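Asks: Given the coordinates of chain V, assemble chain U onto it according to the supplied hints.
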Amino acid sequence: MTVAALEKRPDFAQAAREHLSAVHAYVAYLVGNRSVAEDLTATAFEKALRNWSRFDPKRASARTWLCAIARGVALDHFRAEDRRRRREDAYALRQEFEIAEPGFGDGLSPELESALATLSAGEREVIALRVLLEWDAETVARFLGISRSACSMRLSRALEKLSERVASDVEV
Amino acid sequence: MSRSENDNSEERIEKTARELRKHRPRPSDELVSRIERLAERGAARRSHPARIQVNRRKLVFALAATLSVAVAGGIVAGELQSTKTSSTSALRPSTKITSVQKSGAPAGSNPSTFNNQTSGAATDLAQSNEALARKSVGSTASGADSLASITTGNRLADLRATLLLKVENRDQLSKQTARAMKIARTFSGYVVAAQVNAPNHGVATSYLQLKIPAARSQEALIAISSLGKILSQEISLEDLKVAATSQSKQILGLRHEITSLQKALEDPSLSAQARSQLQAKLEGAKAKLGALRVTHQQTISRGRLATITVNFTTGDLKTAPAQPSRIHKAINRAWDGLSSEISWAAIGLIVASPFLLLAALLALLLRYRRRREERRLLEK
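Taken in sequence, the protein lines are chains V and U.
Quick note: the first sequence uses the working numbering, first residue 1, plus one each step.
Quick note: the second sequence uses the working numbering, first residue 1, plus one each step.
If we strip away everything but chain V, and leave its shape as in the complex, we get (with noise of 0.2 Å):
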């Protein structure tokens, strides 16, 4: 790294004052729960905060770089609870703790709520990148390893989805 862009890369205080919301809020829609979203976004920023050395601004933005790192706590996370879910299997002792405490933002309609928890994590990632950062197309396909037109396709399907589920609760 040039001593330029040490110069130019922010220190984590900043980088994380400035992007906690954003970070929260993708880790919010990504696991669905806020409880677990807190401590998942805090987990991520103590992961940061080691591991900031390593981030390099050339590479990619502070903020995309921390969504990265919470994207891959809220994986660890899943795949905790994929185990724990089969072990609670094995032993017919499952309980749906996540049920608990749904949040994807106050003042949220409920129908949007209750739409949005019925849409899997990977359209709930998308949105949340699309739509609630605001992130280019280009941007969040090479965030998630995809081409720009699945993407694309990815988060048309996950609104029109969630939209027609929106529509049917308000009939009913």
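Bear in mind the hints are in silico, worked out from the structure with no lab data behind them.
These numbers come from a predicted model, not from an experiment.
You can trust all of the hints, since none of them are fake.
Here are some chain V residues pointing at chain U (derived, C-beta under 8 Å):
1. 28
2. 38
3. 45
Idealized CB from N, CA, C, for every residue including glycine.
Replies: Using the frame of chain V, we list chain U on its own:
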């Protein structure tokens, strides 16, 4: 779907997106304070030096440096190799020594070799061997003078000479080959091997291996060298006196030992065990004496007869390539070193390639599995 339905759908999606943006999840105060604490920790760490990461420019520099080191290594390796070769050749006794023993005195235990190539010393074909020999001494000064000086003298020495002589045509080749054989017989020698290769077109050659008594080898050499134009000559002289004397001493010592052992065995008071031990010793000494006698005999016969190899040809010697300059030599050595490095690297790559391939396949498999698992987890 009609256009109005389409518009409605797009509007609905836009409305949903707006609502989602408006009610974006906000971090709780507790989370904000946790992150603040982390930020403070991060600020305290700011003074620590950032971890240096390898970027592309550094990689290019590293590659260039590696290449330079490889080239320098090649040069050094080439230099070392050449030094090693020259030192080895200096130490090896069988290697040809280019210095000429001018005095004619024996060269001690080391063999002396005289190697000379000449193209300008032309010799006329004379009628008699004696006349030819006299002419040769005058006309081929560098060749015949040295032949005169390389002699065994009175000491026992193994003389080996190889001459390459040029003759005008195939007829001359047969004639001179026959004359060389005649010269060998004249000097009480004999022909060990003879071979004539005279095709209708191209270069005709003949090969002769002669054994001449050492005492007359000098005269024979001069006579033979006058049969054509000397293209090259190689004469080696290995002193055998030291070896023969040492063998004689060993034989004498063994004889004494055998005599004393035989006397000891005549003693009737000897125990059976001691007798059998002495008997075994005696047998060993006798066997050793027999072998040593054979070797001694071979040494003496080597010294008595000189080996002269004569090659006649109708063609010319290929001109020797020009001596390369220092820069050329350095480049050649560097290239040799570099090519040896490349060959080692290629060997390493060939050996490692199956493992590398397996590792790459494993990495791809792991990546594919991870991606698949991620997709499965996110589809829930």
